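Asker: Please work from the sequences and hints to get the whole structure.
8 protein chains.
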Amino acid sequence: MKIAVVMGSRSDLPVVEKTLEMLKKFGIDYEARVLSAHRTPEEALDFSRNADKNGIDLLIAAAGKAAHLPGVLAAVTTLPVIGLPIKSSTMDGLDSLLSIVQMPTGIPVATVAINGAENAGILAAQILSLKYPELKEKLLAFKAEMRDKILSESYV
Amino acid sequence: MKIAVVMGSRSDLPVVEKTLEMLKKFGIDYEARVLSAHRTPEEALDFSRNADKNGIDLLIAAAGKAAHLPGVLAAVTTLPVIGLPIKSSTMDGLDSLLSIVQMPTGIPVATVAINGAENAGILAAQILSLKYPELKEKLLAFKAEMRDKILSESYV
Amino acid sequence: MKIAVVMGSRSDLPVVEKTLEMLKKFGIDYEARVLSAHRTPEEALDFSRNADKNGIDLLIAAAGKAAHLPGVLAAVTTLPVIGLPIKSSTMDGLDSLLSIVQMPTGIPVATVAINGAENAGILAAQILSLKYPELKEKLLAFKAEMRDKILSESYV
Amino acid sequence: MKIAVVMGSRSDLPVVEKTLEMLKKFGIDYEARVLSAHRTPEEALDFSRNADKNGIDLLIAAAGKAAHLPGVLAAVTTLPVIGLPIKSSTMDGLDSLLSIVQMPTGIPVATVAINGAENAGILAAQILSLKYPELKEKLLAFKAEMRDKILSESYV
Amino acid sequence: MKIAVVMGSRSDLPVVEKTLEMLKKFGIDYEARVLSAHRTPEEALDFSRNADKNGIDLLIAAAGKAAHLPGVLAAVTTLPVIGLPIKSSTMDGLDSLLSIVQMPTGIPVATVAINGAENAGILAAQILSLKYPELKEKLLAFKAEMRDKILSESYV
Amino acid sequence: MKIAVVMGSRSDLPVVEKTLEMLKKFGIDYEARVLSAHRTPEEALDFSRNADKNGIDLLIAAAGKAAHLPGVLAAVTTLPVIGLPIKSSTMDGLDSLLSIVQMPTGIPVATVAINGAENAGILAAQILSLKYPELKEKLLAFKAEMRDKILSESYV
Amino acid sequence: MKIAVVMGSRSDLPVVEKTLEMLKKFGIDYEARVLSAHRTPEEALDFSRNADKNGIDLLIAAAGKAAHLPGVLAAVTTLPVIGLPIKSSTMDGLDSLLSIVQMPTGIPVATVAINGAENAGILAAQILSLKYPELKEKLLAFKAEMRDKILSESYV
Amino acid sequence: MKIAVVMGSRSDLPVVEKTLEMLKKFGIDYEARVLSAHRTPEEALDFSRNADKNGIDLLIAAAGKAAHLPGVLAAVTTLPVIGLPIKSSTMDGLDSLLSIVQMPTGIPVATVAINGAENAGILAAQILSLKYPELKEKLLAFKAEMRDKILSESYV
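Protein sequence lines correspond, in order, to chains A, B, C, D, E, F, G and H.
Read left to right, the first sequence gives residues 1 to 156 (my numbering).
Read left to right, the second sequence gives residues 157 to 312 (my numbering).
Read left to right, the third sequence gives residues 313 to 468 (my numbering).
Read left to right, the fourth sequence gives residues 469 to 624 (my numbering).
Read left to right, the fifth sequence gives residues 625 to 780 (my numbering).
Read left to right, the sixth sequence gives residues 781 to 936 (my numbering).
Read left to right, the seventh sequence gives residues 937 to 1092 (my numbering).
Read left to right, the eighth sequence gives residues 1093 to 1248 (my numbering).
Everything labelled a hint here was simulated from the structure, so no lab data went into it.
Relax, there's no trap hidden among the hints.
List time: in silico DSS-like cross-link candidates among lysine-lysine, alpha-carbon distance up to 25 Å:
(1) A/K18 to A/K143
(2) A/K53 to B/K299
(3) E/K677 to F/K923
Nothing here was measured: the structure is a model prediction, and the numbers come from that model.
Answerer: Pasting the structure below:
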């Protein structure tokens, strides 16, 4: 059980850290890389093209602005690709979101919320739980934990 | 291998049909239902709550406007939920997209493009291929088919 | 005369406080709760389903991002539900607004402005004044007070 | 039990008709008027100012573009005002929505979806049900009817 | 030669100050008032209705969010009304702009940029210059001054 | 009393016709021209630069997309310039509106609604009425006519 | 003198035809291809990577929705890439525009208007005119022709 | 080899500095000027009209809000004009972007990202490399440098 977390720029790391923490929480092994669809296209494509045979089950790709990385990785693999739009200094994340989610027919990207880094990790766990049932228990526990946290301080 | 395709209104069916066709193409068994987060909340929640034990591997939920269905289904299952935003008569689908993709921390929805019905089906196949490797061959064939179609008429 | 004020996350409380203050100003008894449509769906639904028989006249629901809480509460009660969109860190509140106001036919939510917390309380008082005429006097006094405040410093 | 339905222009009537049908369905007596915040400001204000003493319980105001009518009516009454944004030929209804919902502190308008005409009527019924309990039965029946309609054709 | 500058809230004054400074620069007498379309509708309407007979040549109206003030003033006068959209804490001024500029047929508001306070004053001077030709010289001088300022530091 | 109506393209004429009709209604003499800020910049600038000495009192400029015409004309005259944003085939008029209304400090354009062609004419009449008082009577009559039209069919 | 015109889908051709006509008008030789960043990533990259050595001076890339093609081609060439955003069935072209223009630092795309197909061709001619001065005469003639056309029917 | 960098206001300089640095990096001689389409229209037009004969190969124009400068310069030259939208205090740069990119047929502006100052310089180098092949080497080195920088710290 291993996933790849790819980000388009090292400046995305403060957001992506929350994805990595969530993966650790679920005990999911990951490889985190900075690879750019525009500055290192060959390496990015090679990484994705070889992901399956390198034992990767799923990719998470984070990018901002004209965020092409998730779609470009998805082009050369049949593994599911989760897209995490990063809010940049203009357009409040709308450019990142639309560049990731509005993929043309044939090449989907499973998009989560703008800066929704934790959710990228949780969605990865949900997808992996189809193959690795031990994750299902952890997800149920996580849901219960969230529920308990809210209920423990529900009264204002 | 079975998935559930839920839509919030029968009026979503013309778009969702393309999801169903894609699932047939990949040989994925599905149960398609109209269930509304607002008009049949109990039934919708029950459906999702029992999906796992009923042998469902994954849910696809299509909805428009203030599109709560994917998020509400995701609240009560650990199965992955794919959200398909349906364009309605106002706001050009932006309301549907934001209502589905901007999920709060803890409950992700794997969102595809506005009216991206085929992609909802393809993403389902990609996710299921983790557990059912026979789908991987079909996905590779599908990618090759798309590629061949473009290359066969690439010259203008 | 009692209303319920429900928020999707404790982080909404700084905004919602202004609703509570307004309710106090009008002498409206309230129960304030943190309940999430996604993290505590059963409790949220139960709360709303039982609100009427528990003597609640009206619900105010505050939520941000893909803000499903007001719509989900409205699904299981015939009481009026006031929706208060909370501005989050991305999209400047547009996602919260559209997720709350663009409800499908059959299940309305009475939506106020983004972060319009005082107005949620005032609207509650206006609605309750149909049943509790003593509120009408208070609303007239409040209107006069606003008017006097502006007129007292109208000259620049 | 009587409400007023005011629209800013006769061209809004095709949308507003659905509000009127919903009110008839709930047996709510109404007075429907075309009154403009800009072309007949005195009459519009007088109408709202006298609504309460004329036995009106609640106002529904429909308007498009820079839709000031709901806010202007709300300025001179303590009755609840439901705002119905009408989609016009430009901006896809966003201008109408923002002009109605983004009311400043002190003067709320209970806003429903763009062209959400039925919901304006249903919300009126919900609000009136606080004072006229017979409406509660009708609302429960309406909810049951919506539920049954969906469940009767839930299987695709 | 006199104009009225009306703002919907005292909180608009820091922006509107720049309008007042511009009017002083052009030697235009003004009366500045805080009057709200929603909190003091009668006073606002009376002010505009009587503006012409009180020797006012033109009105400038500044407001934010669901900014109805310019349109409401314009409804009851034939004097030109300049609308100044004020950026508020949400929606980046888009709500204010659309609420002011998208006026229905029959009641125009001469809208300037979001927070374009100086321009409201300059536009007033341009309009008044039709009647008071001495302003034309001042406007020409102002244009020359702007030009000189840029040219004096044009080389980077 | 004469105004100039300039449009950036002959394709704007169907919208601008309504401006011309309104000017005729108010008995305002006009010169209507197609002149482009981009395709005939010298002629457009010359036209505006000489407008004042050619007896023009005011300019109306209509343009779509990156609508520079109103601002460019305003750059070389002290006459008031009314900007009329034309909706084009993409972006629903938002590009035209922002390109016209968001003018930088120093060069205002009096902007009316997207495709608000009648209002451009009415605003021109209001501005001219400062200098030509006979227009005031016509404007009052026009307001009365609008009012009567609405009141004559106010009851639905 | 040769350029490449690449489009992401054959459905873009009706818009791109206007680019091709403009290139013919300027006597610019071109190669037009359908190549997708997502469905034929290797071929698209190879095409761009070899463009320079194949005698291509410049690339025009047209794409819609999450329009990655221009950016992906730009990643592997130092030739200028002109991006032409194609309006698709949702979001009115905003998604295409932002996905093309908001490129991260290092990899620019020279973006023209949504569906601005003629302008893509004209911009190509302007850029090529640096190297092929004969194009300058044609561009001057084209500018004169546009000017004459407008002036010949300037009077309305 | 020389280019002109024109900005509409001295306040744009902090952003434009990054363009100038990039030009220095590529060894491209430039002339940087503050010239406004609205405050110094004649000088701006003269500058662009004479650019070609003054040995300028290409113009970069930076402007914010209703950003007319790039389009106005492009109107009077056949040289390529690169447009750099500057984010101002409202509308998050969307007004600047649309005012620059949505140019009408006939007069293209090669638009880069909002505040994409480096990319304006890089695009200039790419365009100039058609005529000055020594730039091609520098661009290849720059691409390699970007690639190496990412790969050197690719592992997280």
